[in-house]
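As a plain string of letters, each chain reads:
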Amino acid sequence: MIVNVQDALASKDIRELTEEKIIIETKNLNFYYVPDVPALKDINIRIPQKKVTAFIGPSGCGKSTLLRCFNRMNDLVPGSFVEGEVIIEGQNIYQDGLRLEKLRNKVGMVFQKSNPFPMSIWENVAFGPRVNGISNKSTLEEMVESALNQADLWREVKDRLEESALDLSGGQQQRLCIARALANKPDIILMDEPASALDPISTGKIEETIEELKNNYSIVIVTHNMQQAARVSDYTAFMMIGEMVEFNDTKRLFTNPEQKLTEEYITGRFG
Amino acid sequence: MADRISYFRQKGDPYILLTSLGLVISLGMVAFMIWLILSKGLGFFWPSDLIQVNLKNGNSHLGELRARETAYIAEQEKEQIQLKIGNREILGRDFIWIDQANIQSESWPDDAVTFERLENGNFYGFIQSLHVGEETLTGESATLFRKCQVYQDSARNLRENILDMENDLTNLIEPLTRLHREISLLKIEWGNLSDQDKKELEKLEMRAAELQEQLTPRYEELSAELQALITRNRGIFVSVKAATGQIQEIQLSRVVRFYRPNRMNILAKSGTYIAKLWEFLTAKPRESNTEGGVFPAIFGTVMMVMLMSIAVVPFGVLAALYLNEYARQGKIIRLIRLSVNNLAGVPSIVFGIFGLGFFIYMVGGTIDQILFSDTLPEPTFGTGGILWASLTLALLTLPVVVVATEEGILAVPKANKEGALALGSTKWQMIRKIVLPNAMPGILTGLILAISRGAGEVAPLMITGVVKLAPSLPLDSAFPFLHLDRKFMHLGFHIYDVGFQSPNVEAAKPMVYATALLLILIVLALNLLAIYLRNRLRKKYKSSVF
Numbered sequence: 162m163i164v165n166v167q168d169a170l171a172s173k174d175i176r177e178l179t180e181e182k183i184i185i186e187t188k189n190l191n192f193y194y195v196p197d198v199p200a201l202k203d204i205n206i207r208i209p210q211k212k213v214t215a216f217i218g219p220s221g222c223g224k225s226t227l228l229r230c231f232n233r234m235n236d237l238v239p240g241s242f243v244e245g246e247v248i249i250e251g252q253n254i255y256q257d258g259l260r261l262e263k264l265r266n267k268v269g270m271v272f273q274k275s276n277p278f279p280m281s282i283w284e285n286v287a288f289g290p291r292v293n294g295i296s297n298k299s300t301l302e303e304m305v306e307s308a309l310n311q312a313d314l315w316r317e318v319k320d321r322l323e324e325s326a327l328d329l330s331g332g333q334q335q336r337l338c339i340a341r342a343l344a345n346k347p348d349i350i351l352m353d354e355p356a357s358a359l360d361p362i363s364t365g366k367i368e369e370t371i372e373e374l375k376n377n378y379s380i381v382i383v384t385h386n387m388q389q390a391a392r393v394s395d396y397t398a399f400m401m402i403g404e405m406v407e408f409n410d411t412k413r414l415f416t417n418p419e420q421k422l423t424e425e426y427i428t429g430r431f432g
Numbered sequence: 032m033a034d035r036i037s038y039f040r041q042k043g044d045p046y047i048l049l050t051s052l053g054l055v056i057s058l059g060m061v062a063f064m065i066w067l068i069l070s071k072g073l074g075f076f077w078p079s080d081l082i083q084v085n086l087k088n089g090n091s092h093l094g095e096l097r098a099r100e101t102a103y104i105a106e107q108e109k110e111q112i113q114l115k116i117g118n119r120e121i122l123g124r125d126f127i128w129i130d131q132a133n134i135q136s137e138s139w140p141d142d143a144v145t146f147e148r149l150e151n152g153n154f155y156g157f158i159q160s161l162h163v164g165e166e167t168l169t170g171e172s173a174t175l176f177r178k179c180q181v182y183q184d185s186a187r188n189l190r191e192n193i194l195d196m197e198n199d200l201t202n203l204i205e206p207l208t209r210l211h212r213e214i215s216l217l218k219i220e221w222g223n224l225s226d227q228d229k230k231e232l233e234k235l236e237m238r239a240a241e242l243q244e245q246l247t248p249r250y251e252e253l254s255a256e257l258q259a260l261i262t263r264n265r266g267i268f269v270s271v272k273a274a275t276g277q278i279q280e281i282q283l284s285r286v287v288r289f290y291r292p293n294r295m296n297i298l299a300k301s302g303t304y305i306a307k308l309w310e311f312l313t314a315k316p317r318e319s320n321t322e323g324g325v326f327p328a329i330f331g332t333v334m335m336v337m338l339m340s341i342a343v344v345p346f347g348v349l350a351a352l353y354l355n356e357y358a359r360q361g362k363i364i365r366l367i368r369l370s371v372n373n374l375a376g377v378p379s380i381v382f383g384i385f386g387l388g389f390f391i392y393m394v395g396g397t398i399d400q401i402l403f404s405d406t407l408p409e410p411t412f413g414t415g416g417i418l419w420a421s422l423t424l425a426l427l428t429l430p431v432v433v434v435a436t437e438e439g440i441l442a443v444p445k446a447n448k449e450g451a452l453a454l455g456s457t458k459w460q461m462i463r464k465i466v467l468p469n470a471m472p473g474i475l476t477g478l479i480l481a482i483s484r485g486a487g488e489v490a491p492l493m494i495t496g497v498v499k500l501a502p503s504l505p506l507d508s509a510f511p512f513l514h515l516d517r518k519f520m521h522l523g524f525h526i527y528d529v530g531f532q533s534p535n536v537e538a539a540k541p542m543v544y545a546t547a548l549l550l551i552l553i554v555l556a557l558n559l560l561a562i563y564l565r566n567r568l569r570k571k572y573k574s575s576v577f
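Residue numbers (this note's numbering), protein chains in the order written: chain A, 162 to 432; chain B, 32 to 577.
This is chain B alone, in the form it adopts within the complex (with noise of 0.2 Å):
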């Protein structure tokens, strides 16, 4: 017996279990953690059916059911159901908690629509009569809501209408606008200036006013224009009754959509569940990023990755080529690259702590004072912005690369080194065509862990240029195009800043669930990205041609 025990344990069988043990737990974590992102970000877009419950004292309320659950309050078990019931101008809240035992009766009633809005959030209630201008359509509840359709098509051209004009509006001032910039400026420092420039100041005084003479007709006639297109749009709404019996005017215009879900069959659902999908991926948040879209942040997550890559790369590899190919090894050369490793394991804020004081203050700020003396005190490069926390992280993710360069140059057979050194090449040309084609491989390896790095990382982004909503992407039509000193907006901030910072959080628990699964997709298809580019470069340099 005693023997038996030994050998069992010699054999190691527990260990192996172990071992075992440990790979299933950690794949299973993994797995749980997928999962759970899956359903609870995707089942975000799915438009749930709406619940009206009547409540023992008369009061009743319509919504979304979002759980049951059974609750212990003061040792007594309770039956609770959570509702989201929207209609924030109303109630105030968008969720409450019923108890099982105060609702008299619960039904799906098949007229009950959901307003999407652009502001103040969802809208749940029984549309009541359309009007237009001074037309008021009521009547048979299903021809209502397809007549609603038609106006909201019609509601939301004029808005674009209205957004346009408002901006021709802005296009046309802007060079008035641009001149009192300049007055002001110059009135802050009246005590310091000279003679000259106090001229200078009354000629520009005089332009302005030569200006807006010239452009008041057309900018009055547009404005006249613009304010009719906004009476007309104010005149296409609905009035909704709500459960709780107040009725509530809603533009059309200011809808996103609405539909009635207790009607929606499942393909129906299906195509209102893509829209939103394609609203989330295409479109701008709204309602403090609660609601509407992440493609700013998406826009934002990519263009750093890529202007991290393009700065991390080069250096990288020229760091790690010099490492290894014409540095003497030596003491001093351990003690770099020991330092370069440890350099991985220093926390990311730190990094961000460096990017704001080395990159933001020293070089933004005398970047502006050379460049950009005329707006200052307002920074252009002194601030957080894009360029800045993407180069923070290059440096956060340079150790990656170095030492991914580095495996990769030391798998360059010596023998072919020698080769072409023996050809009468220089060391210059023996790296350029031997070591770099063949080590190649471990570079873009060095990339992809670059990336998987990047990507998730927000700490150090915080101080050096993500903010919670950028007015506009660092990439647009206005000349120079790529804007390197905007700030911009990043899915893992976002994350947080839904998550944590919003004033609606149980509205937005959803919205956070469905930006980590995007997160997780984007650095996914980048290291695919990266992967993909490896595998050609693989077989290209196997094969011939550098």
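Only chain A is shown next, with the shape it has when bound in the complex (with noise of 0.2 Å):
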């Protein structure tokens, strides 16, 4: 079927939200692979702090471009460029002078595919804090048992910590990287389809975590997974072609959505 995306997108009426702390802000944030091609056109969002806020959306929607910009994990695409600002907890990420890795120690990131360093379960915790400058090793010790605890990962591995950590499984490698993100102690943690590579079991652990996570991050999370957004997130944002078609809080936008293309995605007649 056709869908008449210009239509859906004139009568745009993303909802406010005022009674929530907000953490991460963007204005007018266009971002372009190449020139003249956005890849995301004049966002607008207001994510809040300490709950879960899930990006739903067709595959080359934008979403994981729009995760990216939260901690300039686009730098790294050559020629890419950004337009607007995004605020996070009131400081423009995109000013002149900013330290990335000041950012990326508040705003940590778990990856699609789960990426541990090839050296052992404990310094891959420990990673996040040693780059940053933390060397004194009971410190250390004291925040690798506390990141892996949040993960739900101590009970499993604080016998092995010596050991590689390319020898745990699949959903255990996740929940390390969960954990490595949660060493620097950040404010924010983005996940990229965190379970899209996972069993179910797996993926049910990973979503049990996040759920005990929100109480003291803020977490964006993207997913492919309309039932997984509706299960774990507080708000959802659905995007399309690089647009933010509608952000609601989850239930709403999942039982009564304002826009059309919304409730058409939703029920799957595209996607």
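Quick caveat, the hints were computed from the structure, so don't treat them as lab data. Hints are not guaranteed to be accurate.
[What the hints assert, rightly or not] Here are some chain B residues the structure puts well away from chain A; computed CB gaps all over 10 Å:
#1 123
#2 225
#3 307
[To be verified] For lysine-lysine, the following DSBU-like pairs were computed, each having C-alpha atoms within a straight-line distance of at most 30 Å:
#4 445(B) - 346(A)
#5 298(A) - 570(B)
#6 267(A) - 366(A)
#7 570(B) - 319(A)
#8 464(B) - 267(A)
#9 464(B) - 319(A)
#10 182(A) - 375(A)
#11 267(A) - 445(B)
#12 211(A) - 412(A)
#13 263(A) - 445(B)
#14 346(A) - 366(A)
#15 267(A) - 375(A)
#16 300(B) - 540(B)
#17 458(B) - 267(A)
#18 319(A) - 182(A)
All C-beta atoms, glycine included, are put in the ideal place defined by N, C-alpha and C.
Build the complex: two chains, separate frames, hints provided.
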């Protein structure tokens, strides 16, 4: 069927989430991989603190791109550039002179495919604190234990911290990556389809972990899986072709979407 | 039928056959080469039996049988044998061909002795008598032979004493020699000397005279002792009768070893074989490299390869890191990468010329002017040496290391690099902790390839510091221990020199094969060392710790 995106967007009415404390705010954000072809078009979104916010949308809609704007991982793509502002905790992260390491220390990221480093479990988790200048052994021990605990992994690995991280199972590896991000004590955790490569049981565990983490962290998660978004998130943004179609609290978006496009997507009429 | 032929062609059986044939031919050639080198090289040390050939014209020859073959001379078939007859001072040549038709009889005399001498090659003959000072010992050949063995030991000790004493003597007058050198240098520039310099010169001359007076008594004492030792040593010799009838006196101290091959059993021969092999590996060469050992060449080869590795790996790795991690990928980088790859195909002699022009004349010349101006015009670094040769080879092998390191870097998963950056590490931290450890096997693969290429290279060395006979090793006990300016010997060049520049090519032929075998083994050993290192590192970086 043919979807008329332009019509749907004409009546764009993204609810402002004024009652929550906002941690990430974008202002007229445009992103280009190549000049003149925006991958993100005029994104205005306010992401609340200590909640789980999910980005859903069909492949190539720009949800991962948007996520990667929040810790400037897109800077690694040669030739890409950004217009507009991304304000995290009151500071525009695209302003000149910002230290990327500090930003990424504060905004952790978990990738689609688990990427443990080829070193021991302990060293994987201690990597972030170490590169950020912490070298006191006992401080590191504490940080590693607390991070692994938060990622619900400590029980499983506490006796084998010196073993290679590559010997862990897929689900454990992904939780190790979460622990690794947590060890930096970030405010925000970005998750780029963290469970898409895992079996249902491991996925369930990851979702439980997310549930626990949201008490202390603001989480932004990109997912292909609408059920997952409905299960874990408090707010959901639906994106299409680089545009924010609808941003709403999750229950409302899935039960009573304001946009026709959203409705068509979540009922499976396209996507 | 036509159908079957076309199916046969579709299936490509002839091509499969062709591919296997190609493999068999290449492997066969390699196996043949190794067999040839092994058989010709290892046989060199085996003590051969001595044959005595009596000719119809009454002459006779004693020697090692080297070959029997059929020659065609004036369209006539002739059976010939080749003998190594040694006895250079009598016969003037080491090898002769004898026509089978001229031979009266052949025998393998028990008492024939092979003398391996420090000079003039082998001597084959029969011991007549042993002389020690005024004494002359004769008698039954077996006891005489045993006595000779006893006296050879003492003669050898005596000779060592003489060498030590000669050294002492040189050391004693060394300060005086240095003074004379300074004086003569000053005198050369007489016209340009200021008054002050002239005064200095006078002072030096006075000091030289003083020193000479001081040293003379000790010097004369030592020389007298030395002379006495030399005379005593000269008194210990054997008279050996050659098969041709002449009697030759051979000083025992100038004999490396002597044996009666025809009386030796396999065990005794093996002992001699091992002794000769050991000499080959550990001794200095003699007789313009055709005899003795190749130790200085082994040492030079290994040391040069190590210096080369030390130079090439850091530069190659840094260059590859910059190319892959820091440089903006684009046309210029592509061009640079292409040039680096093509550098690997430049003929090695071109690198040699560059080494001569840049390292030796420019860099070395400048170093000499700044640091060693007192010894000019005699160059220190401004001439070929092991440092310049190693650097030239490092340049030659640089592309190999760069390419292999780049491959190693590209093999590091992008996810790991992004992961490290997302954790707030700087790019340099990411490179040091993620990229370099994971690229290490690639880097070591580059090192292995560089060693293989560098260790066998000869052409560029010939103009950057290899010599046929180096007076001293580049590493010794004299301060500063590592003498990077010294010229050195190299197995590859040794093969060329012995095989093609030697005055006695026929005698040196087995030496060429033995040296070639050794070169192969050393390259193999160096490679195995690097492979071992790589495997260890692989394990290490697989499991933990950086």
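Worksheet item: Against which earlier hints does the structure fall short, listed by number upward?
Response: 18
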